[in-house]
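K.L.:
Model the full structure from these sequences, guided by the hints.
These protein sequence lines are chains L and P, in that order. Anchor point for the first sequence: position 76 equals 76 in this note's numbering, and the numbering is continuous, going up by one each time. Anchor point for the second sequence: position 184 equals 184 in this note's numbering, and the numbering is continuous, going up by one each time.
Hints in this document: simulated from the structure, not taken from any laboratory. Any given hint could be a false lead.
[Claimed, not checked] Interface residues of chain P toward chain L, partial, derived using beta-carbon atoms under 8 angstroms:
id	residue
1	21
2	64
3	161
[What the hints assert, rightly or not] What the simulated footprint calls covered on chain P by chain L, stretch by stretch (three residues with Cβ under 8 angstroms from a Cβ of chain L suffice, anywhere in the stretch; the number is not a length):
id	region
4	104-112
5	146-160
Just so it is clear, CB atoms sit at the ideal spot from N, CA and C, and this is done for glycine as well.
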Amino acid sequence: MGTAQASPPASARRWKRWASGALAVVLGIALGLGSAWWAIRGWSLAGPVHTGAWSTSTMSGHVDADMYTRARVAVGGLLALSRDETMYYVARADDSGAPLRADCRYRIEGAPPPARWWSITAYASDLFLFPNAIGRYSVNGSTARLGENGRFAVVTGPAQPEGGDFWLPTPKSGSLVLTFRLYNPEPGIVSTPASLAAPSIIRIGACA
Amino acid sequence: MSPPPTKRYRMGWALVVLVVAIVVHVLSVWAAPRLIMRKVFEGVPAASGTNRAFYPPMTSAESRSIVMPSPDLLYAIWTYDLAGGPVRVTASPGLDSYWSIALYSAASDNWYVINDRQAGGRPVDLVVAERGMMRSASAASTSATVLEAPSRKGLVLMRVLVSDYAKDSARYEAARRTFSCTQGPR
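P.N.:
So, in structure tokens, the structure goes:
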């Protein structure tokens with residue numbers, strides 16, 4: 001009986017310590033996983049180098065990439081080419097800094113970049129292509145119509161624009177991610193990617 | 001003066017949380033690309049058959065295997081495991097537009113790429129080998145470029161730029177199907 005009376009406080013203390021230690025480990029695991037996911041999600045191929053509304057990482061796909069860049073690329077741009085072969089610029093906001101929305105219309109205007117070939121592709125927030133009736137997902141060096149000033153203009157949005165502008169269809173809801181790919185970029189852009197005269201992204205009118 | 005037992009206990013508890021969080025954070029970030037590539041290594045042979053290249057259809061909104069697919073490219077993919085010996089990669093697309101063949105490690109790094117300009121109109125002939133196989137691979141492959149892979153498992157990805165697939169599908173398909181990978185003996 002004496003043992004039975006003395007043991008509850010001791011076992012309760014042991015249990016409390018064990019539970020407290022387990023809670024510390026579980027909390028540490030949760031914090032570790034959460035902070036890792038926070039650090040690598042949502043970046044796609046974007047990075048610390050900015051030009052206009054666009055940003056890029058010079059280390060995407062590169063063997064010398066740090067572990068965060070490598071993880072971000074794996075999650076948001078798996079199998080990217082290294083910068084000498086292709087440079088990727090990503091835009092998630094327009095020139096005013098407002099997040100891109102699929103239900104809004106944007107005019108993307110710029111000069112063909114100093115690269116052998118280029119494209120601008122519209123992605124949903126999950127980084128896959130939007131379904132659309134005309135099966136058009138990008139504008140590129142072959143399909144872009146250049147004006148007399150040598151510049152191209154594209155309009156994104158759910159409805160075909162009037163006036164014959166090149167249309168890049170987007171759905172009536174959700175967010176929008178634009179990726180500007182430069183295949184075989186000129187050495188000047190590879191060495192100083194912020195020097196790219198990136199296309200402007202300007203919202204037109206009210207959203208749908 | 002040492003802190004009272006309760007305070008010391010709380011500091012120890014917080015330290016455990018911090019150390020576990022840092023270790024899990026670093027391991028997770030390090031492991032993420034390797035785990036994602038492992039899924040790809042399992043997925044490609046499941047789609048194409050073991051030791052066969054996978055030729056996915058032209059990219060569309062239904063292409064949901066790998067994020068940010070380019071709608072302007074036609075792909076051919078092969079995954080390898082050098083445990084079975086060196087891998088020979090050949091292709092002769094014969095196109096005057098952009099194409100490339102890129103090699104990726106098990107950590108997802110693009111460690112080698114050759115494009116149409118670098119090939120200079122000649123067929124691509126590569127031998128991918130592990131460090132220990134390099135000498136025998138070089139001796140057996142006098143005409144091929146012998147590459148030392150940074151990891152035993154990896155992926156080869158061919159990209160073919162397509163301007164109008166509906167119009168020229170036969171030409172583009174013929175070009176990407178020149179892509180071939182074979183595994184030789186150790």
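K.L.:
Min Cβ distance, residue 21 of chain P to chain L: is it shorter than 8 angstroms?
P.N.:
At 4 angstroms from the nearest chain L Cβ, residue 21 of chain P passes the 8 angstroms test, so the hint holds.
K.L.:
Return the status of the interface hint for residue 161 of chain P: holds when the least beta-carbon distance to chain L is below 8 angstroms, violated otherwise.
P.N.:
6 angstroms, holds
K.L.:
Does the closest beta carbon of chain L sit nearer than 8 angstroms to the beta carbon of residue 64 of chain P?
P.N.:
OK, holds: residue 64 of chain P within 8 angstroms of chain L, min 5 angstroms.
K.L.:
The region 146-160 of chain P covered by chain L? Criterion: 3 or more residues, Cβ-Cβ distance below 8 angstroms.
P.N.:
As far as the region 146-160 of chain P goes, the hint holds, because 3 residues have Cβ atoms under 8 angstroms from chain L.
K.L.:
Counting residues of the region 104-112 of chain P with a beta carbon closer than 8 angstroms to any beta carbon of chain L, are there 3 or more?
P.N.:
holds (count 7)
Every hint from the earlier list agrees with this structure, and none is contradicted.
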